[in-house]
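Asker: What follows is each chain in one-letter form.
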Amino acid sequence: MGTILLIAVTAMFINNFVVVQFLGICPFLGVSKDTKSALGMGIAVTFVMTITCLITYPIYMYVLTPLNLDYLEVIVFIFVIASLVQMIEAVLKKFSPTLYNAMGIYLPLITTNCAVLGVAELVIDAGTASAFGLTEMGLLNSVAYGFFGGIGFTIAIVIMSGLREKLKTTNYNKHLKGFPIAMLTACFIAMAFYVFSMISI
Amino acid sequence: MGKFTKIATDGLIKENPTLKLVLGTCPTLALTTAAMNGIGMGLAVTFVLICSNVLISLLKKIIPNAIRIPVFVLIIATFVTIVKLALDKFIPSLYDTLGVYLPLIVVNCIILGRAESFASKNPVLDSALDGLFMGLGFTISITLMGLVREFLGSGAVFGITLFDFSIGFFSSSAGAFFTYGVFIALFNYCINKFTRRAKLKKGV
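Order-wise, the sequence lines are chains A and B.
Residues in the first sequence are numbered consecutively from 15, following the working numbering.
Residues in the second sequence are numbered consecutively from 18, following the working numbering.
Not one of these hints is a red herring.
Here are the simulated DMTMM-like cross-link-like pairs (lysine to aspartate or glutamate), alpha carbons at most 20 Å apart as the crow flies:
id : chain 1 : residue 1 : chain 2 : residue 2
1  : B       : 31        : B       : 133
2  : B       : 101       : A       : 139
3  : B       : 210       : B       : 32
4  : B       : 78        : B       : 143
5  : B       : 37        : B       : 133
6  : B       : 23        : B       : 133
7  : B       : 77        : B       : 143
8  : B       : 101       : A       : 84
9  : B       : 138       : B       : 27
10 : A       : 191       : B       : 32
11 : A       : 191       : A       : 48
12 : B       : 106       : A       : 84
13 : A       : 191       : A       : 179
14 : B       : 77        : B       : 133
15 : B       : 106       : A       : 139
Worth flagging that the hints you see were computed from the coordinates, not collected in a lab.
Take these sequences, add in the hints, and give me the full structure.
Answerer: Here it is in structure tokens:
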């Protein structure tokens with residue numbers, strides 16, 4: 015239980031996927047213009063990240079490594095993610111139209127979200143495991159890392175969308191319009207998250 | 018020759034992937050802590066970009082339209098695996114610094130973007146040049162950003178300490194967003210100024 019808690023705090027705040035590890039910056043800048051769509055994107059990413067870890071970790075540990083095919087990880091992972099996203103989309107459309115309406119339009123974008131491929135690569139990385147005092151992550155911890163990483167992504171993108179909604183009514187230099195002002199906003203969020211790096215567990 | 022100049026200026030300035038199109042932001046923000054990382058990452062991306070552009074351009078008539086995106090991703094992933102294995106063997110120090118961002122070249126929007134919007138419509142040589150100049154545009158932008166952040170963050174240039182000072186902000190993640198934002202703003206400002214002046218000259 016202690017490890018799960020440690021993973022939760024680390025993935026959500028200390029090593030936040032967006033503002034500390036810079037994974038998933040494209041949707042963070044692209045889909046953060048209003049809070050509603052930011053929340054939808056966040057939920058969709060959390061969902062896909064959790065299921066990705068659930069599938070890629072066993073594939074790497076129990077199929078690729080015993081067969082000495084671990085150099086194929088990138089190709090296998092991207093294929094698993096791409097087909098997974100398609101499958102989730104089809105399943106949701108059939109069985110849960112409400113959930114599909116909430117996050118359906120964001121699902122195709124998620125295939126090329128670095129946070130998803132990033133988490134698949136991070137959970138098999140020895141460095142991530144040793145940060146939690148483990149030799150290897152194990153399935154449960156990997157899934158928890160994916161889930162809480164997604165929650166961290168959601169927190170960051172929702173904060174960002176709130177700030178950007180405020181920015182609409184503010185006047186600033188015209189050369190800063192668009193991406194520059196978004197980057198500067200993200201800079202302040204990153205400073206806020208910097209406080210969490212002082213926590214030592 | 019006119020066409021090649023156009024491809025070159027598009028890649029380096031007019032459609033600079035980092036500063037104008039704002040694609041491939043993840044490695045840009047993460048690896049600009051030092052100028053050397055920028056060169057390493059930039060060259061890795063350039064290699065993948067040239068190879069995937071050439072292959073996709075060669076295969077553009079064979080790839081069925083409906084499944085082109087998965088095919089593009091598979092081609093890109095293959096070249097990324099080649100780069101990954103080669104770096105692991107020959108430059109292990111760079112392999113360690115690039116870390117998780119090396120496999121993430123697969124989902125770098127610059128590469129898929131060029132495959133979709135350029136290589137799948139143009140001849141082989143043009144596509145190769147487009148890959149080269151887009152890659153160079155990316156490399157130059159992130160190396161410059163790396164120089165600024167490395168100098169302000171640790172007083173060093175390419176790992177050699179010149180001055181004994183450091184502004185911790187620029188090495189932190191907040192500094193990455195700040196530097197990137199300022200770079201895009203300055204780039205837009207220069208481009209706007211330049212085009213306005215060109216227009217004025219034409220008017221006179």
